[in-house]
Structures are given as C-alpha cells and as structure tokens.
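S.K.: Chains as they are written, first to last, in numbering that gives the first Met the number 0: chain H, 0 to 391; chain C, 0 to 378.
Honestly, the hints are just simulated from the structure, not real lab data. It should be emphasised that the depicted structure is a prediction, and the values quoted were computed from it without experimental measurement. Ideal placement from N, C-alpha and C gives every residue a C-beta, glycine not left out. Among the clues, some could well be false.
Said to hold, decoys possible - Derived pair list, reagent style DMTMM-like, types lysine to aspartate or glutamate, alpha-carbon separation capped at 20 Å:
| id | chain 1 | residue 1 | chain 2 | residue 2 |
| --- | --- | --- | --- | --- |
| 1 | C | 37 | C | 210 |
| 2 | H | 49 | H | 28 |
| 3 | H | 345 | H | 28 |
| 4 | H | 8 | C | 189 |
| 5 | C | 328 | H | 375 |
| 6 | C | 37 | C | 27 |
| 7 | C | 12 | H | 3 |
| 8 | C | 201 | C | 127 |
| 9 | H | 142 | H | 177 |
| 10 | C | 37 | C | 189 |
| 11 | C | 34 | C | 210 |
| 12 | C | 328 | H | 3 |
| 13 | C | 201 | C | 31 |
| 14 | H | 48 | H | 27 |
| 15 | H | 112 | H | 229 |
| 16 | C | 327 | H | 283 |
| 17 | C | 9 | H | 3 |
| 18 | H | 345 | H | 209 |
| 19 | H | 266 | C | 375 |
Unchecked claim - The following label-pair restraints were derived from C-beta to C-beta distances:
| id | chain 1 | residue 1 | chain 2 | residue 2 | range |
| --- | --- | --- | --- | --- | --- |
| 20 | C | 128 | H | 280 | 23 to 33 Å |
| 21 | C | 5 | H | 280 | 35 to 45 Å |
| 22 | C | 307 | H | 180 | 50 to 60 Å |
| 23 | C | 5 | H | 52 | 39 to 49 Å |
| 24 | C | 9 | H | 197 | 37 to 47 Å |
One letter stands for each residue in the lines below.
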Amino acid sequence: MAWDFGISKEEEAYRQKVADFLDKELTEEIARQSWEDLGLDVEGRTFAKKLYAVGLMGWSWPVEYGGKGLPPIYDFILIDELGKRWGAHVPNDVAYTMVGHTILRRGSAEMKKEFIPQIIQGEIEFGLGYTEPEAGSDLANMKMTAVEDGDYYVINGQKTFNTESHYSEYHWLAVKTDTKVSAYKGISLFIVDQRAPGITIRPMITMSGERTNEIFYDDVKVPKNRLVGEKNKGFYYMMEALGSERNYVFVPSRYLPYLNMIVDYAKNTTFKGVPLAENPMVRDKIAQIAVEIDMSTLLADHARWMEWNHLSMTCEPEITKVFVSEMEQRMVDSAMQILDQFCQLKEGSKWAPLNGRMEWEFLHSFMTTIGAGTSEVGRTVIAQRGLGLPRG
Amino acid sequence: MDFTYTEEQKMIKEAARGFLEKACPNVEWYLDMDKDEKGFTPELWKGMAELGWMGIMFPEKYGGIGGSFLDLVVLLEEMGYAAVPGPFFSTVLLGGLTVLEAGTDAQKNDLLPKIAEGKCLLTLALTEAASMVYDPSFIETTAKAAGDNYIINGVKLFVPDANVSDVIIAAVRTSEATGDKDGISLFLVDSKTPGVKTTLLKTTSGDKLCEVIFDAVTVPKDKILGSLNGAGAVITRVLQYAVVGKCAEMLGGSQKVMEITVAYAKERVQFGKPIGVYQAVQHHCANQKMAIEGSTYITYKAAWMLCTGLPATRIVASAKAWGSEAYKKVAAIGHQIFGGTGYIVEHPMPIYSRRAKAAEYAYGNANYHRQVIASELGL
Numbered sequence: 000m001a002w003d004f005g006i007s008k009e010e011e012a013y014r015q016k017v018a019d020f021l022d023k024e025l026t027e028e029i030a031r032q033s034w035e036d037l038g039l040d041v042e043g044r045t046f047a048k049k050l051y052a053v054g055l056m057g058w059s060w061p062v063e064y065g066g067k068g069l070p071p072i073y074d075f076i077l078i079d080e081l082g083k084r085w086g087a088h089v090p091n092d093v094a095y096t097m098v099g100h101t102i103l104r105r106g107s108a109e110m111k112k113e114f115i116p117q118i119i120q121g122e123i124e125f126g127l128g129y130t131e132p133e134a135g136s137d138l139a140n141m142k143m144t145a146v147e148d149g150d151y152y153v154i155n156g157q158k159t160f161n162t163e164s165h166y167s168e169y170h171w172l173a174v175k176t177d178t179k180v181s182a183y184k185g186i187s188l189f190i191v192d193q194r195a196p197g198i199t200i201r202p203m204i205t206m207s208g209e210r211t212n213e214i215f216y217d218d219v220k221v222p223k224n225r226l227v228g229e230k231n232k233g234f235y236y237m238m239e240a241l242g243s244e245r246n247y248v249f250v251p252s253r254y255l256p257y258l259n260m261i262v263d264y265a266k267n268t269t270f271k272g273v274p275l276a277e278n279p280m281v282r283d284k285i286a287q288i289a290v291e292i293d294m295s296t297l298l299a300d301h302a303r304w305m306e307w308n309h310l311s312m313t314c315e316p317e318i319t320k321v322f323v324s325e326m327e328q329r330m331v332d333s334a335m336q337i338l339d340q341f342c343q344l345k346e347g348s349k350w351a352p353l354n355g356r357m358e359w360e361f362l363h364s365f366m367t368t369i370g371a372g373t374s375e376v377g378r379t380v381i382a383q384r385g386l387g388l389p390r391g
Numbered sequence: 000m001d002f003t004y005t006e007e008q009k010m011i012k013e014a015a016r017g018f019l020e021k022a023c024p025n026v027e028w029y030l031d032m033d034k035d036e037k038g039f040t041p042e043l044w045k046g047m048a049e050l051g052w053m054g055i056m057f058p059e060k061y062g063g064i065g066g067s068f069l070d071l072v073v074l075l076e077e078m079g080y081a082a083v084p085g086p087f088f089s090t091v092l093l094g095g096l097t098v099l100e101a102g103t104d105a106q107k108n109d110l111l112p113k114i115a116e117g118k119c120l121l122t123l124a125l126t127e128a129a130s131m132v133y134d135p136s137f138i139e140t141t142a143k144a145a146g147d148n149y150i151i152n153g154v155k156l157f158v159p160d161a162n163v164s165d166v167i168i169a170a171v172r173t174s175e176a177t178g179d180k181d182g183i184s185l186f187l188v189d190s191k192t193p194g195v196k197t198t199l200l201k202t203t204s205g206d207k208l209c210e211v212i213f214d215a216v217t218v219p220k221d222k223i224l225g226s227l228n229g230a231g232a233v234i235t236r237v238l239q240y241a242v243v244g245k246c247a248e249m250l251g252g253s254q255k256v257m258e259i260t261v262a263y264a265k266e267r268v269q270f271g272k273p274i275g276v277y278q279a280v281q282h283h284c285a286n287q288k289m290a291i292e293g294s295t296y297i298t299y300k301a302a303w304m305l306c307t308g309l310p311a312t313r314i315v316a317s318a319k320a321w322g323s324e325a326y327k328k329v330a331a332i333g334h335q336i337f338g339g340t341g342y343i344v345e346h347p348m349p350i351y352s353r354r355a356k357a358a359e360y361a362y363g364n365a366n367y368h369r370q371v372i373a374s375e376l377g378l
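With these hints in hand, go ahead and build the complete structure from the sequences.
M.R.: Here you go:
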C-alpha cells in the first residue's frame, strides 16, 4: 500500500489494445450517436457487437457469463479510451454500466443468465425509467403503479426523460408496488419489454438536438419473473447503485478532445497578426481548462479506485459528478470567449470553427448540472453524507 | 493505482499531529511567533530535530532517515494542518534539498548531517525585485571571479528566514546576460560574511520574508554549490520540490479549516437550528470538501511523479494552480461561516487565511503556473 497513480502492465496492455482498435474502427458517425445521445443506429449496433467480437468487452464481468472476472478498472479503461476519441461511453451504456451491475447484484439466477451475456455481447440496451413529471430530484415521489394480477403485474402511469427508450429493447422501470407505505418502501424495479402492448413512446427533443422520451403505460402486463430482486426493495437497489453509476457516467477523458481542439485553434489562429497562442489571456484560459480536466480525472480515479477496492463510498462519486458537470460549463464558456463571435456559428455554417462542436457543447452543457441529479442535490449529499452535517 | 499512505507515512502523520498539537498550543502562541523576529522557539526546533524531521529525505550516510519525497510531503501536510511557523521549509526544502541535489560529496558531508541535527539553518536567495517570476533566467545578482574568490553584488527579495539562517544559498549570475537560462551558479554564503545585510519584511502571514543585500560579498571559490554556471536545472528541480511541498502545506491547512468550520456549523444555533442544517451553509461546506479532495490527489500525484522521475512539469504546475486558489477559497468560506467570531484576531481562522494568502504567492501564483501549463500544452 502506497500512493501510486500509475496502471499495471496488464492494464496498460489492455489499454493499448483498446486504443489500437478504436483508432481504426471508431468513426465519427458512431461516436456521435453515442456522444450526442442520438440513439444507436445500425452502425452503432454493429460497432457494439464488434467490440465484443474482438474481445474487448466484459473483462470486468464474471467468467460464468462470458467475462474475464477482472476488476472494474478494465471497464474504466475502455470508457476512458472511448472518451478520448469522442466516444463518450460504451455503446449500450445503460445496460453495460448501470443496469447490468444491479442485475448482477440483485437479479435471480435465471435473470442473470438471460441478460448478462447479452449485455456483455453488446446485443441489448435499456431505457432508464425513473423520472416522472412529479418525481425529479424527489424521485421517491413517483406515482406509476404495478398491481399484481395472477402471473403478471399490470402497470399504469407515465415516465419522462427516458432517453434511450426509443431504440432500446428493454425498459428498466421503477414503479410503486405498495402505495400505502412511505415513499421509499413501496418501490420495485422491473425489466419490461420496451415494445410490449400498451406502451406509448413520444419524443422530446432537447435544445441541443438530443432525443429523450416521455412514456405512457396503459395496462401493460409484465410477467412476475421480470421483477428485479425483492418486491418493494427497488428504491434501495437504485440508491446502492448510484455511486457506481456516477463513476461510469462522468468520464473526464471526454473533455480531452475539446482541450486538444482549442489548443490547435489557438496555435493556428492569428488576431492582429499575433497567434492566439501567444496571448496571455488565451493561454491562461486554456491552461485553466487543463487544470480542471486534471482535477476531474483525479477525482474520478479516486472514486473508481474506492469502488474496485470495495471501500464504502459516501460522497466521492457525487464530488466527481458535481465537479465534472460544472467544469464542462466553465470549459465551454472559456473556449467560446477564445473563439469570440465565431463561437455562435453552427456546424455546417460557413465560417464555423471547430466543426461547430463548441457551439453544440454550449447547448448541451445546460444539461450537465441537471441530469442525473442537480448540483444542488449533489452538494447537499456531499455535506450530509460526506461531512455529517445534519438533515433539516 | 493506490490512494493510500504507507504504514510508515501513517506513523509520521500521527507522530506529527501529536507533537505539533503540544508544540503549537494556542492562538496566543501563534500571535507571539508572528511578532517574534525569529518566528519560532528553540524548543520547537529541537523537538522537530529529535523526531528526525530535518533529515527525513537525506540518505542515512548523511545522518538522515532515507525517506522519500512522499514521506516529506506527508510531514508537510501535517505542518500545514498545524500552521507551524519557523524555518523548516527553508532549511530542509530550499536549503537541504538543494545541497542534496547539487552539492559535492564534501559539501554534503559537511552540511547535511548538521541540517539533520537541527544545528544549521539554511535558505535559498532566489527571487529579485525585477524578476518576481520563479525563473532563474532573470537573475541579475552577479558573482565576479577575483583570484580564488568571487565577489557577489545584488539584492534578493522574499528570501524566507534569511534573518535566522546560518547559510544563505545565493543564486547568482556568473556569466551570460539577463534573460539567459545558462550562466547561473549557486554559492553557499555564510550569513555572517561582511557585506551581507538582511532586513526582515513585514508580511500578512507573519512569515519571515527578507530582503538580502549582497554588497561586495567575498566568497571563496570552493563555496560554489555544484558546478559553475550549472545551477539552472538544479533550481528548476528544487522549485518543483518547493511547489509540491507548499501544496502539501496548503492541503493540510485547508483540511484544518474545513474541520473547524464543519464542527462550528454543527454546533452554532441560529433561528432555533444548528446553522449546518441550512442548505446555504451545507453547500459552502460541500465546496470546501470538493476543493480539498482535488488538492489532495493532485498534490500526491505531483509528489509521486517527482519520486518516480516521470516528467512532472505539467502536473506540478497544475497542483499549484489549483492549490493556490483552493486554499484561498476554503479559507474564505471558513470566514463566512464563522461570521464575526472568525474575524477576531484571537480566533484560529485568521492564522489560516493569512497563511493561505502567503502560500498562494509562494513559488509562483496560479497565473504564473497556468502560463507554465500553457507552454507545456504547446502554446
């Protein structure tokens, strides 16, 4: 035991393998489907299966389901290498980085056998069915219900901001199974066939052009064996997964392409005959972006390290989440100031700098401090769980 | 990857915490040290020497403990936590490590055991009024050869603890012109040498920063530390140690500030509730926590990289660019939460916020280090 910020030889060998593959195979189209949450199209699906076929998926998953039984660092390496190349996350990332882990922890033997191999092989994706119109930060306030009826549960109600559902095979759904007990104690998790009769999916288009969805359930029948773990334990399962999910979702390497982009721009652009790279203000702003990416990386590495050493995480992934999401907004703002008037030009426009990426990122960055929990909720978690400050 | 202290480091931490709690007993004592010309007591210094702290990083053959830079960083973190005053940093990091990096065997044999025993105090006279950047290229103080001696002329500024140092290591120009990276040499100057005039400056933090005037100071040739004209790389290396060492002190100081702030937020009652219940206060504390988590890992990563010998320029600069602002922010939040109480001179808060300000500017402020990073990025 001693301070060590390096990775092992074996880990480095895997990283190199992933890097070589991605440099050849990860095209701009595929990366964008993932990065911009456009939804996986044919190319993305094919790419997901190819990642498995060449033996790069599942290293951190149990051997019995087709994995290699190694620690989570291998999956983190995979995600980091994708992020460095605009890949943002593993294709089918809700399945691979979120849902799959809860199935492993809480699912029945039968459920694991059915779903885990498909997840590792890049075959299936899940839509995350948590948020409702009246249940945002206050998730336990959800109203959607599942009522037992013979061999089935019958589900009614509405979800919103379920981003992956329009192309996913399954819905990872949290609903009330007991409305008489306190909010936290009556929620259960289900795996629902996303195309089941009675489900209506309507698109919601965000200001940066991503598609998310609102979803309506009208007497949707779900077999009982699709209940995850025990009835009424759903909220507990969601909370126990939260730290790990943050570790997989907030990936600092994603910002490196932006940093490289703005560095290149400053080197190759002159203003009043002087390269921007020699302007002290420009240098200062870019350097601060680099410092904050360093910081994000270290915060993420630390929280991930806690996870794969089975140390109890109180607020560490939350710190990563709040810092990284706010850093993203500061980064965009600094970069846009460097681009000056050109910053507003959209992709495809005459004179658009950096392919319009920074303009898109500006629109996208409003979501980062809101999605998956607002910064305000995050700071409250850090204060109460991390520092032991009292609840109101 | 591993984010843990070694068993030895945990022992260093624990011993340091215990010793410094007793050695720096209360706010009145700190205020006395602020006013005191020396800024420390002989008992404090003797106690630190007995614990082996001065020689923590020196090889055993020079009377040291043979520890790593990471061990020293652990100790400095505790010193920052205690806000301990005195010439440890200047003697060990600026003096001892410079001798260790650049000295001849004879120089090391002579000086390092004395430093380790606490019997010799050193400092490094580097910065000058016209070259406030920590870049030796801009040194104007000169040493001219005269027979077997050199004659040093010039004015050094912000030299820590020169007023109590036995030996002042002077970074001077021995050839080339101002702006040139080459041509810098280090001289071991006995502080009693005629022509050396030290004036203590009055500072926000009470840190003993000095002006040192070298007025035709004669130094024998064999007092050149290392090689003639070859000090540039040594200074760069020593400054990296100093930067990361200062980051460790800042880290410890900010931890202490957060600790007392959070404790106060839990017990101070207003409007019928502990103020720590209110989200405005909770979010302030969360911001302290986030800033400190970042400071922790970047400080130790920079220290680790210096130990492994990997190229560290970028991460060292990143650590100080972050740390300088983080400590300042953590201290400002502390004041906000303590309110009027923390504004009183007998409160611990001003000790830390004044030191945060001094540390922010020591060995390059955030602006300076961001320029270093920009160059490292290829700008």
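S.K.: Now, for every hint given, state plainly whether the structure supports it.
M.R.: Against the structure, the hints come out as follows:
no.: 1; hint: C:37 <-> C:210; verdict: 15 Å, holds
no.: 2; hint: H:49 <-> H:28; verdict: 15 Å, holds
no.: 3; hint: H:345 <-> H:28; verdict: 18 Å, holds
no.: 4; hint: H:8 <-> C:189; verdict: 50 Å, violated
no.: 5; hint: C:328 <-> H:375; verdict: 19 Å, holds
no.: 6; hint: C:37 <-> C:27; verdict: 16 Å, holds
no.: 7; hint: C:12 <-> H:3; verdict: 18 Å, holds
no.: 8; hint: C:201 <-> C:127; verdict: 17 Å, holds
no.: 9; hint: H:142 <-> H:177; verdict: 11 Å, holds
no.: 10; hint: C:37 <-> C:189; verdict: 18 Å, holds
no.: 11; hint: C:34 <-> C:210; verdict: 18 Å, holds
no.: 12; hint: C:328 <-> H:3; verdict: 28 Å, violated
no.: 13; hint: C:201 <-> C:31; verdict: 14 Å, holds
no.: 14; hint: H:48 <-> H:27; verdict: 17 Å, holds
no.: 15; hint: H:112 <-> H:229; verdict: 18 Å, holds
no.: 16; hint: C:327 <-> H:283; verdict: 19 Å, holds
no.: 17; hint: C:9 <-> H:3; verdict: 16 Å, holds
no.: 18; hint: H:345 <-> H:209; verdict: 15 Å, holds
no.: 19; hint: H:266 <-> C:375; verdict: 13 Å, holds
no.: 20; hint: C:128 <-> H:280: 23 to 33 Å; verdict: 25 Å, holds
no.: 21; hint: C:5 <-> H:280: 35 to 45 Å; verdict: 43 Å, holds
no.: 22; hint: C:307 <-> H:180: 50 to 60 Å; verdict: 55 Å, holds
no.: 23; hint: C:5 <-> H:52: 39 to 49 Å; verdict: 43 Å, holds
no.: 24; hint: C:9 <-> H:197: 37 to 47 Å; verdict: 60 Å, violated
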